[in-house]
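So you can see what is in the structure, the chains are spelled out below.
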Amino acid sequence: MFGIFTYRKPINYIILINLLAYTYIFYNMKLYKFDTLALGFGVILLLCTAYCIILKGRLGDEYLFLIVSMLLSIGIIMIYRLDNGIGIRQAVWMAIGIAMFILSCQIFRWFKRWEQLAVYYMVAAVFLYLITLIFGRNINGATNWIIIKGQSFQPLEISKILYIFFLACYFRKPDRLFFENSKYTKPMKLRLNRMTLVGFTFLNIGFLMLQREWGSIILISLIYIVVLYVFGKDKLFYFFNVVFAIPIALFGYFFVHHIKVRIDTWLNPWADIAGKGYQITQSLFAISSGGYFGTGIGLGRPDLVPAVNTDFIFSAICEEMGVLTGVAVILLYMMLTYRGLKIVIKVRNGFNKVLGFGITTMLGLQTFIIIGGVIKLIPLTGITLPYISYGGSSLLSSFVILGILQAISKDDFADMDGEINEGE
Amino acid sequence: MGIIRLLMNFVFVLVIYCFIFSVIRLIYMDIKSMNFFRANENSPYLKLINQREMLNFKVEETYAVTKNSIIGRSDKNDIIIKDPFISSSHAQITIRDGDFFIKDLGSKNGTFANENTLKEGYEQRLNNGDKIRLGQVEFLFVNAVSDK
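These protein sequences, in sequence, are chains A and B. First residue of the first sequence? That's 1 in the working numbering, and the numbers climb one at a time after it. First residue of the second sequence? That's 1 in the working numbering, and the numbers climb one at a time after it.
No wet-lab data here; the hints were simulated from the structure. Misleading hints may appear alongside valid ones.
Stated by the list, open to error - Under 7 Å between C-beta atoms, here's a sample of chain A residues computed to sit facing chain B: (1) Pro-10; (2) Tyr-13; (3) Leu-16; (4) Ile-17; (5) Met-70; (6) Leu-71; (7) Ile-248; (8) Ala-249; (9) Gly-252; (10) Phe-255; (11) Val-256; (12) Phe-293; (13) Gly-322; (14) Thr-325; (15) Ala-328.
C-beta atoms are modelled at their ideal positions from N, C-alpha and C, and glycine is treated no differently.
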C-alpha cells in the first residue's frame with residue numbers, strides 16, 4: 001500500500017508541488033482565504049483522477065499527460081497568484097479541458113474516416129474566418145474574438161487544428177488528393193493539387209493578416225514549411241516555397257507598419273521604453289529581478305508587466321519562481337515535443353503520422369515563438385503559451401490536440417489487449 | 001521568515017527538477033526496452049501484460065526466448081525479475097523440436113498458464129497467445145513464427 005508514495009512516481013511530485021505552493025500562498029498572502037486550499041485540492045484531485053483514467057483505461061502514452069499536468073500546475077499557481085478570480089476560472093477551464101481531452105481521444109479513435117474529409121476541413125476553416133471577420137470584436141489589438149452570451153472565444157484556435165488536419169489529408173496521398181477522377185493528365189493533376197495546398201496555406205495567412213494575428217501567421221507558415229520538409233518528396237517544390245516566402249517577409253517588413261514596429265522594438269527596445277518598447281523592457285526587468293531562485297510567490301511585482309496573465313506569463317514565472325524554474329518549463333516543453341516525435345516515429349498509419357507530427361510541431365513552435373519573444377530572442381508576437389497561459393479557447397484547443405496525440409499513441413499499445421498480430 | 005522564504009524557493013525548484021528527472025528515467029527505460037525488442041523481432045518472446053509503472057521493481061517490456069531459460073529472482077537466471085513474490089529460480093522454459101514448454105521449478109507461489117496452476121515438474125506446452133503468471137507479473141507468450 002505504501003508503494004504508492006515512492007519517489008519514483010512522477011505524479012507524486014505533482015501532488016507535492018501543488019500542496020507546497022497552495023499552502024505557501026495561503027500563509028504568505030496574509031489573506032487566509034480557504035478558497036486557496038480548496039483550489040489546491042481541486043487541482044490535485046482533477047489531475048490524479050485524469051491520470052488514473054489514462055492508466056486504467058489503457059489510453060496509451062501516459063508521459064504526455066504527466067508533463068502537461070506539471071505545466072498546468074505551474075500555470076494555475078502563477079495565474080492564481082496574479083489574480084485570484086482568474087485563477088479559479090482557469091481551474092474550471094482545466095476541468096472542462098481534461099474532459100475534452102478524454103472525449104477527443106475517444107472520438108478520434110471511434111470515427112475512422114478522418115482522412116476523407118479534406119474538403120470539409122477547408123470549408124469549415126474558411127467559414128470560421130468569415131464569421132470572425134463579420135462578428136469579430138477587437139480585444140487587445142487583434143480582431144479575432146467572438147462573443148456569445150458574454151463568453152468570448154477565438155475561432156482561430158480551431159482553424160489551426162483544421163489546417164493541420166488538412167495537411168495530414170494532403171500528405172497521406174501527396175499530389176493525389178483532389179481531381180482523382182477528373183480527365184486531366186497526371187502532371188496536371190499533380191500541379192493542381194499542389195496549387196490547392198499552397199492556395200489554402202495562403203488563404204489562412206491572408207485571413208490571419210486581416211485579423212492582425214502575426215504570431216499565428218508565423219506559426220502556420222512554419223508548420224507548413226516543417227511538415228513539407230519532412231514529408232514532401234519533391235526538393236525543388238520545397239525550395240520554391242522557401243524562396244517564395246522571403247520576398248513576402250521582406251514586403252511585410254517594409255510596407256506593414258505593425259510588423260516594422262515589432263522588429264524595431266526587438267532590435268532596440270530601449271529607444272522608446274515608455275511607449276513601443278514598454279512590454280518587452282518590463283518583461284526583461286521582471287526576468288532579471290528574479291535571479292536564479294526567484295523572489296518567492298507573491299513577493300515580486302509581475303503586475304507591472306502588461307498582459308502578464310496570457311502572453312507574458314513566462315516572465316512572471318521567471319520573476320517569482322526563478323530562472324531555474326523557467327529553464328525547467330522549457331525542458332518540460334522539450335520533453336513534450338520529444339515524446340510527440342517518439343509516438344509519431346512508431347505510428348504506421350500515414351494520416352496519423354502527419355497529423356501527430358503537425359500537432360507536435362505546433363506545440364513546440366508555439367512555445368518557441370512566445371518564449372523567444374518574451375526573452376527578446378526573436379521579435380515579440382502575441383500568442384499563448386500552451387497549457388500555462390490563461391485563456392479558455394487556447395487551453396481547450398491545446399487539450400483537444402493533446403487528446404488526438406494520445407489517441408494516436410495508442411496504436412503502439414493496441415497489441416496489449418490480446419490482439420497480437422493485428423497491426424503487423 | 002526570510003530564510004523560510006528562501007528555503008521554499010529552493011524546494012520549489014528542487015521538486016520540479018526531481019519531477020523532470022523521474023519522467024526522464026521512465027522514458028529512458030521505455031526507450032531501452034524498445035531497442036531490446038527490435039534486436040529480436042522474429043524470435044518468440046514474452047510480453048509484459050502489467051502496466052510497468054504499477055510494479056515497484058525493474059522489469060522489461062519484453063523478454064526474448066531464444067534458448068532454454070530459467071526465470072527467477074536470483075542473478076544467475078536467464079530472465080531475472082526482482083519481484084518479491086517470485087522464487088529465486090521459479091520456472092523454466094524449454095525448447096524441444098521448435099516447441100516451447102514451461103515447467104515450474106518448485107516455486108513458493110506457483111506458476112500459472114492461462115490461469116491454471118502448473119504442478120511441479122509437469123511440462124505445459126506454450127502456444128502463441130498463452131498467458132503466464134508468476135508472482136505479480138503476467139506475461140503473454142508471443143510466437144509469431146509458428147502461426148504462419
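Status of each hint after checking the structure:
1. Pro-10: Holds: closest Cβ of chain B sits about 5 Å from Pro-10 of chain A, inside 7 Å.
2. Tyr-13: holds (4 Å)
3. Leu-16: Since the shortest Cβ distance to chain B is 6 Å, the answer is holds.
4. Ile-17: Ile-17 of chain A check passes; min Cβ-Cβ to chain B is 5 Å, inside 7 Å.
5. Met-70: Constraint on Met-70 of chain A satisfied, holds at 6 Å.
6. Leu-71: violated (11 Å)
7. Ile-248: Where the cut-off is 7 Å and the nearest Cβ of chain B is about 39 Å from Ile-248 of chain A, the hint is violated.
8. Ala-249: violated (36 Å)
9. Gly-252: Check failed: Cβ of Gly-252 of chain A comes no nearer than 38 Å to chain B, outside 7 Å.
10. Phe-255: violated (45 Å)
11. Val-256: violated (40 Å)
12. Phe-293: This interface hint holds because 4 Å falls under the 7 Å limit.
13. Gly-322: This hint holds: Gly-322 of chain A lies near chain B, its Cβ roughly 6 Å from the closest one there, short of 7 Å.
14. Thr-325: holds (6 Å)
15. Ala-328: Because about 5 Å separates Ala-328 of chain A from the closest Cβ in chain B, which is inside the 7 Å limit, the hint holds.
Hint violations for this structure: numbers 6, 7, 8, 9, 10 and 11, all remaining hints satisfied.
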